[in-house]
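**Student:** Residues 0 to 300 in numbering that gives the first Met the number 0 are what the sequence shown spells out, letter by letter.
It is worth saying that the hints were derived from the structure and are not from the lab. All of these numbers come straight from a predicted model, not from anything done at the bench. There could be a bad hint or two in this list.
Unchecked claim - Cβ-Cβ distance ranges computed for the label pairs, FRET-style:
1) 142 / 106: 19 to 25 Å
2) 241 / 32: 23 to 29 Å
3) 157 / 32: 43 to 49 Å
4) 204 / 34: 35 to 41 Å
5) 243 / 24: 33 to 39 Å
6) 208 / 100: 34 to 40 Å
7) 71 / 199: 40 to 46 Å
8) 156 / 236: 22 to 28 Å
9) 241 / 106: 20 to 26 Å
Just so you know, even glycine gets a beta-carbon here, dropped at the ideal spot from N, CA and C.
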Amino acid sequence: MSVVTLGVHIVDVLARPVESIPEGQDTHLVEQIRITAAGAAAGTAVDLAKIGVPVVSLGAVGDDDLGDVLVMIMKRHGVDVSGVVRKPGEQTAASILPIRPDGGRPSFHVPGANLGLSLADLDQERIAGAEIVHLGGMDVTWGLHDPAFFALLDKIRENGTVVTMDLLSNMPDLMPAVRAFLPHVDYFLPNEEQALMLSGADTPEAAAHALLGEGLKGALITLGGQGSLVATSSGHTSVPALDVPVVDTTGCGDAYCAGFVAGLLGGRDVVGAARLGTAVAARVAGGLGSDAGLDGPVEAP
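Required output: the full structure, derived from the provided sequences and hints.
**Tutor:** Below, the structure is given as structure tokens:
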């Protein structure tokens, strides 16, 4: 295998365009409704598979109908889901997203089985055999806030595996625990709000500098329509976003991570991998859902 994504698995149900929630029992007609595999591990895994990267996804879902649907969708897109565990009596994490005409994405969310994912649920041989392990949503996978998991990350990195990490939420109360992961990660890919909260800095540049001080090889801060800031010991580089019509921003961060991971796997340097991440994210922004527009390899500009 080439890549393991590990962490949050969510079912997304999306509708667009939604300008308001109907009053009472009223119905509003919309143009499109989709159900997708999403979350910082599952969504990234599907994106990787759809652009041609072999990927195994590890995580937890419930033993419910939503779990059946999530596993089916991922498998259909080519993700190896044999490491996704089913939690008896628990609900699969899910979100309902009424997408605004401008691409904004308010949500209704239940965290479900992700909260209880633990080291005991993970196939450590698969993790050790990966060229890249992508940690998705460590802010909400509380069962992995575990010194034994950190030791596993250190061991695989010593043996040559690259570890990347993204987060799920922008909840301030969850940020302090994330800091414990940073010394055990090579590349961290937060959004601007997460980076500022974690670092206490006032600007993305200052946040990147502070995050590098935690022992990272690189901090890649996504800035929405402004692109991303790529920071390594060699300096800071701004990577602009591509100018594309935005339909839905759901999953753009996961798509950026997928492109970045694919770029590293293909031998690109960090900035080159970030440019590929930007191109994958631009594809996804042009359609509904976290895997929209991905039907084969994507070329960076």
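**Student:** Just pull the numbers of the violated hints for me, sorted ascending.
**Tutor:** Hint check: nothing fails, all pass.
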